[in-house]
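Colleague: Here is what each chain is made of, one letter per residue.
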Amino acid sequence: MELLSHPWPWWAAGIIIGLTVPALLILGNKHFGISANLRHLCAACLPANIKFFQYDWKKEVWNFFFVGGILLGAIIATVWFQNPDPVQIHPDLAADLAAQGVTQIDGLVPADLFSWESLFSLRGFILMVIGGFLIGFGTRYAGGCTSGHAIMGLSDLQVPSLIATISFMVGGFIMANLILPYILAL
Amino acid sequence: MSTIKEFQLPAPSQPAQEAVDQNADFEVRSLDTMCVNESQLKHPWWYNLKYTAVGLFFGLAFVKAEIVSWYRIQEMFRLESFHMYGVIGTAVVIGALSVFLIKRLKIKSIYGEEILFHPKKFNKGQIIGGLIFGLGWAMTGACPGPLFAQIGTGALVITVTLVSAIAGTWVYGYFREKLPH
Chain E
1 MELLSHPWPW WAAGIIIGLT VPALLILGNK HFGISANLRH LCAACLPANI
51 KFFQYDWKKE VWNFFFVGGI LLGAIIATVW FQNPDPVQIH PDLAADLAAQ
101 GVTQIDGLVP ADLFSWESLF SLRGFILMVI GGFLIGFGTR YAGGCTSGHA
151 IMGLSDLQVP SLIATISFMV GGFIMANLIL PYILAL
Chain L
1001 MSTIKEFQLP APSQPAQEAV DQNADFEVRS LDTMCVNESQ LKHPWWYNLK
1051 YTAVGLFFGL AFVKAEIVSW YRIQEMFRLE SFHMYGVIGT AVVIGALSVF
1101 LIKRLKIKSI YGEEILFHPK KFNKGQIIGG LIFGLGWAMT GACPGPLFAQ
1151 IGTGALVITV TLVSAIAGTW VYGYFREKLP H
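Going down the list, the sequences are from chains E and L. Numbering-wise (the working numbering), the first sequence opens with residue 1 and increments by one. Numbering-wise (the working numbering), the second sequence opens with residue 1001 and increments by one.
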């Protein structure tokens, strides 16, 4: 119990995430990928005569159950396996954040940036609303996200997935190093 | 766009029209998506609970290894920590080994179905969309999966990000035909 509460090492999480691929395949011929859920939600709620959303989304409800599990797992982790230690972050990151007034380092997202209060500031709005939009638009345009391309696609040795994964990383490097400092300064 | 040649032919007893509809539906359903249900079987809804169980372990690992942490994502893109590279690298090695074994040993699903893989074709969207997603990933510190996990940890404001991501997907669907692929 005590051991599980401390942050898990990278290899433990890597094994569990890697095993999700065969688990879903063997349990029912399902290919691992989470961003597809966003599309199924569109198909289910607001297909609006768009051909891209005209398909039998009920065949993919298994994926809603899967993300429901992720939500439950996160709740269990938070309620019963709360990390007793303060959050560790790299000193350079802490210094850069502190320079922009982000000093409350706890939880998994900084409350100074991601909170209801922050949502109504320009900085928070850009990070949460624009950031979310780019995730939804970009993942579907790319045909998958970190799970579909970087885990499932690379596991199946798909070249398009390698190209997509490299593009994800390039986009992330550009944002984190070249653009984010300006957004945080807003 | 993608022609699915290896798609299983229907059993002879099925009416031909239904099979054509099923193929057409699969074509649309698998457009621009890595992740798809390949199974032809129909089950009661509660059969899906086993996917919830898999998701539960997955979500637990997400939170406990801090993969859904905004800080870890920043450190990854600032090359300040090996953590995320270790997670993704290990996951790919385990995943690739599993897929290799499933193909090599022709392992079937628990319902006896052949496990199918459809190779994906390259299109420009993987680069353009990939870059766009990368920007959003570094802003929010989350990909689609971690969004659900962040909400589960009590950061309820992330529901706004999730709704915005759904809106982004919808807008993509709306403009899909006009975008370069």
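Rather than coming from a laboratory, the hints here were simulated on the basis of the structure. A couple of the hints might just be wrong.
As the list claims (entries may be wrong) - Some but not every residue of chain L turned toward chain E, in silico, with C-beta under 8 Å:
| id | residue |
| --- | --- |
| 1 | Asn-1023 |
| 2 | Phe-1057 |
| 3 | Tyr-1071 |
| 4 | Lys-1106 |
| 5 | Tyr-1111 |
| 6 | Ser-1164 |
These numbers were taken from a predicted model, which means no experiment stands behind them. Idealized CB from N, CA, C, for every residue including glycine.
Colleague: Give a verdict on every hint.
Modeller: A quick look at each hint next to the structure:
| no. | hint | in the structure |
| --- | --- | --- |
| 1 | Asn-1023 | violated, 12 Å |
| 2 | Phe-1057 | holds, 6 Å |
| 3 | Tyr-1071 | holds, 5 Å |
| 4 | Lys-1106 | violated, 12 Å |
| 5 | Tyr-1111 | holds, 7 Å |
| 6 | Ser-1164 | holds, 3 Å |
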